[in-house]
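So the sequence lines, in the order shown, correspond to chains A and B.
If you're matching positions, the first sequence starts at 1 in this note's numbering and goes up one per residue.
If you're matching positions, the second sequence starts at 1 in this note's numbering and goes up one per residue.
Rather than coming from a laboratory, the hints here were simulated on the basis of the structure.
Note that beta-carbon positions come from the ideal geometry of N, C-alpha and C, so glycine has one too.
Mixed in with the good hints there might be a few duds.
[Stated by the list, open to error] Pulled from the structure, derived: some chain B residues nowhere near chain A, Cβ distances all over 10 Å:
hint	residue
1	Val12
2	Gln17
3	Lys24
4	Ile26
5	Ser27
6	Asn50
7	Glu62
8	Arg64
9	Phe65
10	Pro70
11	Thr76
12	Gln80
13	Pro81
14	Gln103
15	His104
16	Leu114
[As the list claims (entries may be wrong)] Beta-carbon label-pair distances, calculated as ranges:
hint	chain 1	residue 1	chain 2	residue 2	range
17	A	Glu20	B	Leu114	20 to 30 Å
18	A	Asn111	B	Thr20	37 to 47 Å
19	B	Asn71	A	Arg53	16 to 26 Å
20	A	Gly29	B	Leu114	31 to 41 Å
21	A	Glu20	B	Thr20	36 to 46 Å
22	A	Ser55	B	Glu18	43 to 53 Å
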Amino acid sequence: AQRVTQPEKLLSVFKGAPVELKCNYSYSGSPELFWYVQYSRQRLQLLLRHISRESIKGFTADLNKGETSFHLKKPFAQEEDSAMYYCALTKGSGGSNYKLTFGKGTLLTVNP
Amino acid sequence: DAGVIQSPRHEVTEMGQEVTLRCKPISGHNSLFWYRQTMMRGLELLIYFNNNVPIDDSGMPEDRFSAKMPNASFSTLKIQPSEPRDSAVYFCASRYRGRDQPQHFGDGTRLSIL
């Protein structure tokens, strides 16, 4: 079965510092990977998906199939980035493959 | 589009009572998901539907939980009888068909069972 691991429950950085939120996955096929963000007591919002290779709010994430990782990075953290970040994986198209498997999440705190 | 709409936003009830949570997915989306979020267990998928048909209910904790999707624009998650350990935030999400389509989440229902 597929699994998503976010090794850090908590991550604290100062404003302006680089930030990297780690995500490792286990799945033998071609996964679809996403990062979701949840600001305090709000809904989960899609931040990034690996297929689009875009930068949202200064965040980027690169899929490394060799290391089975999909780390989220931002060169200069801002206080408004403080939130819970979830890495998620789905296996692909068709039937039960649309099910998202979430990591446990990393709570990012950006200090002034 | 108003996004995924869940009701109620908050529910406080006594144990033993029946609880019904409601979800309206985004129009045109053909998959719908129910999640439960707690501090201890994080986000757990309870059940999901494709084209109104339940596909995977392996995450439903026990027989007290049931979910229905009578049509493409409405789903319910029912707990009967409710217990204090059911207290959590319940999220509904929907998704359009196709590879790499993300799930869109509702605002959640914060459920407290006393």
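Consistency of the hints with the structure:
At roughly 16 Å, the least C-beta separation between B:Val12 and chain A is larger than 10 Å, which holds for a residue marked as non-interface. Even its closest Cβ contact with chain A, about 24 Å, leaves B:Gln17 beyond 10 Å, as expected for a residue assigned away from the interface. Every Cβ of chain A is farther than 10 Å from the Cβ of B:Lys24; the closest lies at roughly 14 Å, confirming the non-interface assignment. For B:Ile26, the shortest C-beta to C-beta distance to chain A comes to about 13 Å, beyond the 10 Å cut-off, and the non-interface label holds.
Remark: the non-interface label on B:Ser27 is consistent with the geometry, its nearest Cβ contact in chain A lying 18 Å away (cut-off 10 Å). For B:Asn50, the shortest C-beta to C-beta distance to chain A comes to about 7 Å, within the 10 Å cut-off, and the non-interface label is violated. With a closest Cβ-Cβ approach of about 20 Å to chain A, B:Glu62 is found to remain outside the 10 Å limit, as its non-interface label requires. With a least beta-carbon separation of about 22 Å from chain A, B:Arg64 lies farther than 10 Å from that chain, consistent with its non-interface assignment.
Remark: the non-interface label on B:Phe65 is consistent with the geometry, its nearest Cβ contact in chain A lying 17 Å away (cut-off 10 Å). No Cβ of chain A comes within 10 Å of the Cβ of B:Pro70; the nearest lies about 21 Å off, and the non-interface call holds. For B:Thr76, the shortest C-beta to C-beta distance to chain A comes to about 19 Å, beyond the 10 Å cut-off, and the non-interface label holds. The claim that B:Gln80 lies off the interface holds: its Cβ sits roughly 25 Å from the closest Cβ of chain A, which is beyond the 10 Å cut-off.
No beta-carbon of chain A is positioned within 10 Å of the beta-carbon of B:Pro81; the least distance is around 28 Å. With a least CB separation of 6 Å from chain A, B:Gln103 falls inside the 10 Å interface cut-off, contrary to its annotation. Distance check for B:His104 against chain A: the nearest CB is about 7 Å away, which does not clear 10 Å, and the non-interface claim fails. Every beta carbon of chain A lies more than 10 Å from that of B:Leu114, the smallest distance being close to 20 Å; the non-interface claim holds.
A hinted range of 20 to 30 Å for the beta carbons of A:Glu20 and B:Leu114 is inconsistent with their spacing of about 42 Å. Restraint check, A:Asn111 to B:Thr20: a C-beta distance of roughly 42 Å satisfies the suggested window 37 to 47 Å. About 37 Å separates the C-beta atoms of B:Asn71 and A:Arg53, a value inconsistent with the hinted range of 16 to 26 Å. The given range of 31 to 41 Å is broken by A:Gly29 and B:Leu114, whose C-beta atoms sit roughly 45 Å from each other.
Here the CB-CB span from A:Glu20 to B:Thr20 is close to 42 Å, well matched to the stated 36 to 46 Å. Taking 43 to 53 Å as the suggested C-beta distance range, the pair A:Ser55 and B:Glu18 conforms, at roughly 47 Å.
The structure fails hints 6, 14, 15, 17, 19, 20 (numbered hints given earlier, in ascending order).
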